[in-house]
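Trainee: What follows is each chain in one-letter form.
Number of protein chains: 2
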Amino acid sequence: MVFGFVNKDNMALLTDLYELTMAQVYFKEGLNKTAIFDFYTRPVSKRSFFINAGLEQLLYYLENIHFTDESLNYLRSTGLFEEEFLNYLKDFRFTGNIYAIDEGDILFPNEPIVQVEAPLIEAQIIETFLINTLQHPILVATKAMRCFIVAKGTVLVDFGLRRAHGTDAGMKAARSSFIGGFAGTSNVLAGKVYGIPIFGTMAHSFILAHKDEEKAFEAFAKQYPENTIFLVDTFDTVEGVKKAIKVAKKLGLKRFKGIRIDSGNLLELTKEARKILDENGFKEAKIIVSGGINEYKIKELLDNGAPIDGWGVGTELVVSADVPYLDCAYKLVEYDKEPVMKFSKGKVTLPFKKQVYRFYENGIFKKDIVCKYDEQMEGGKPLLKKYMENGKTIKKLPSLKEIQEKAIENIKSLPEEFKDITKTVHYIPEVSEVIQKTVEELKKEYLKKG
Amino acid sequence: MVFGFVNKDNMALLTDLYELTMAQVYFKEGLNKTAIFDFYTRPVSKRSFFINAGLEQLLYYLENIHFTDESLNYLRSTGLFEEEFLNYLKDFRFTGNIYAIDEGDILFPNEPIVQVEAPLIEAQIIETFLINTLQHPILVATKAMRCFIVAKGTVLVDFGLRRAHGTDAGMKAARSSFIGGFAGTSNVLAGKVYGIPIFGTMAHSFILAHKDEEKAFEAFAKQYPENTIFLVDTFDTVEGVKKAIKVAKKLGLKRFKGIRIDSGNLLELTKEARKILDENGFKEAKIIVSGGINEYKIKELLDNGAPIDGWGVGTELVVSADVPYLDCAYKLVEYDKEPVMKFSKGKVTLPFKKQVYRFYENGIFKKDIVCKYDEQMEGGKPLLKKYMENGKTIKKLPSLKEIQEKAIENIKSLPEEFKDITKTVHYIPEVSEVIQKTVEELKKEYLKKG
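Just so you know, the protein sequences line up as chains E and B, in that order.
Just so you know, we're using this note's numbering here: the first sequence kicks off at 1 and counts up by one.
Just so you know, we're using this note's numbering here: the second sequence kicks off at 451 and counts up by one.
If we strip away everything but chain E, and leave its shape as in the complex, we get (with noise of 0.2 angstroms):
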């Protein structure tokens, strides 16, 4: 029996087998010069910005990977691999320098957000797990501050890890969500791992287990006097909220935590709720909702007055339901310091090492654009940094919390319309004229070649 964990010693094996059999075709040539490859995503509707997440896993990777005596074996009995090739990757390390955006910055389509430079057969063979490392964590931290920004202030928490894809996803949805404004998760590991705040509840399995309402809220809240959210909906959700403040009467507690509603119309119920908790003294009490929640609901009955404190956004968040991949992509832009580019049809990449500028008016953002590495941008913010020198990561990294409140502060910047989540900015960054000469060069060049 087996489970399939990835872990730090097979995580090499964790890539598409081309990027190992072009290694080995790179590798026998002695093509092995420095590469760039761009880590970008294409437009996609229903999104204006999106806010990066997931570097600090991939510096993890980049500084970790290494192939391991029983990785070998298993590569070469799949009988694609030469001895000296295994001997190469049984030396295997990244040894090239990766220039990223920030966590916790708004990224925008067609800008590079992760670039890597290194020799060809490092870059090449890091692909796979490059994409699948950021694309998740981008989605989730972008869907989670669509989120943020319609909440108005009210608590967002992730309860999403039974329905994300896989163990992974989980983690990376606690720490995405928590990166775009969540006060955090249920994802208990999450919590230990990553420092992020844990909140749970109660399920209607510990209701129906007791077989009445009253003796399961008054066992949780003996237990939890201080921190007893009732989960009131099990039977008949304002006979639940009563039954809640006559245990909390019963057990003689001057406030409680709060309730949850996990189902029907959470409008009425709410207000409901809300008013039979006041008139029995108990303001402070919460009103925490969940089940089939997502911005799109979060604006809807905060815009129609739901007394709503806080938000338990599960599925919809963690698979990123109406945007469940990005159209992101990883390209060689520049080799032995030439521009490179591809001309398939409506894939076209934009050549050269590059940098991006970030233009602010009167604190508002007003532009990005794209440039060759070396232009200078005058009033402009340079976004792509040098967190790795060499293999070896030579930036502090923030602390989550900081990466979060960056990306609260990032999104103050940002004009309403693209905070708008019923409509989609199709902002495209602006490309430097050196960048779009060199386009119109190469595709001259290779037409004259054709």
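Hints listed in this document are in silico derivations from the structure and should not be mistaken for laboratory results.
Glycine is no exception: its CB is placed at the ideal position from the N, C-alpha and C atoms.
Just to be clear, a hint being listed does not mean it is correct.
Listed below are the simulated SDA-like cross-link pairs for lysine to any residue, each with C-alpha atoms no more than 25 angstroms apart in a straight line [to be verified]:
no., chain 1, residue 1, chain 2, residue 2
1, B, K887, E, F235
2, B, K893, E, E218
3, B, K478, B, V452
To spell it out: a stretch of chain E is covered by chain B in this simulated footprint if at least three of its residues, at any positions, have a beta carbon under 8 angstroms from a beta carbon of chain B; those stretches are [claimed, not checked]:
no., region
4, 12-18
5, 54-63
6, 71-78
7, 116-127
8, 331-337
9, 375-382
10, 427-437
Rough simulated footprint, nothing fancy, chain B against chain E, three-plus residues with beta-carbon under 8 angstroms [as the list claims (entries may be wrong)]:
no., region
11, 30-40
12, 166-175
13, 223-233
14, 396-405
With chain E held as given, fit chain B onto it using these hints.
Mentor: For chain B alone, kept in the frame of chain E given last:
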């Protein structure tokens, strides 16, 4: 710097906080009689059936779950748990029974897929991980089987690792798509861990790094004369096909494995490519396509006569793009031998420990009946089998290949309307009279108490 890998030692903490706080209350109350929980999925649009997958990983988890000192120290640090309960967790093992439908079997909504019979505390603590482990594999195996149905014998390969939601999803997607009829995966680690055949071609970056398409083709084909699939669409697809042929001839190859087209009008381009390959005597060279492939595109292309031999199916498979989550649940249905059910609006559960009987007519699926575990349904085949007893797996698990063969056999017994990917059959299994009667009685009882 931290990645956050989940492993055998920390997986017990990959759970929602409330599972552990509820467990502490159960523990303090001594509420720990035998509970039965059902894992099942509610109906979703765009899916007429599901394929079961993920059971082996669930059994691994249940056999190995334990709380290390490090885990316990973290729980202690939250201030939510008493020493007495932490001591209980120190010796925690899963000691229950598992009844499950086989991997590769067809599933319908509302029938138990996995049934847990265990002391209440154990059954509660495993909830979150259980759902996480089963949902994504079922999604992917189902999506894969939909592709298999329309692929009509052409070859399907999982190319989705890079766009899967994290590392574990990449592993599960490879395993689950194989169950759903795929021939293999690009994921090398899945090849090693699960013994799945691995496949690969070459990337656009490989062509671009050589600057010259022909040189790139030649370098690869020299290394892998038997095993080269030329990626022909980096510049101009038709020219690319011609160059592949030129290189094959130059190297004196009588045959080569094939070409891959990743962009453009796949119907026109594959027809043109087939013609050129045939005219040049490379009738055995296969045509593989990739890029945004899903079951709908496979059907459309083959219906229109595209001469395609194989498909790299990536993103939309591994995230199950059109149905990125199941409305699945894990619900208490029996406690201490008494039937239990929940009355929340639209989320009614079926009480009792159950069995599912499947009926066929002339070898074709006719219906399922969900009944009490001890009811006899003559002529029906019971689907739930006892996989685990007292925490130990008691059934020899089939190989992945055997599961795949079973899944393909099962599909043959499914009426054609279920296999039409363009329509959804909203089939819901029957519920036995005994269960229906109990539901009515429990409702009455509840209303009386209310």
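Trainee: If a hint holds in the structure, say so; if it does not, say that too.
Mentor: The hints, checked one at a time:
no.	hint	in the structure
1	K887/B with F235/E	holds, 19 angstroms
2	K893/B with E218/E	holds, 24 angstroms
3	K478/B with V452/B	violated, 36 angstroms
4	12-18	holds (count 6)
5	54-63	holds (count 6)
6	71-78	holds (count 4)
7	116-127	holds (count 3)
8	331-337	holds (count 3)
9	375-382	violated (count 0)
10	427-437	violated (count 0)
11	30-40	holds (count 3)
12	166-175	holds (count 8)
13	223-233	holds (count 4)
14	396-405	violated (count 1)
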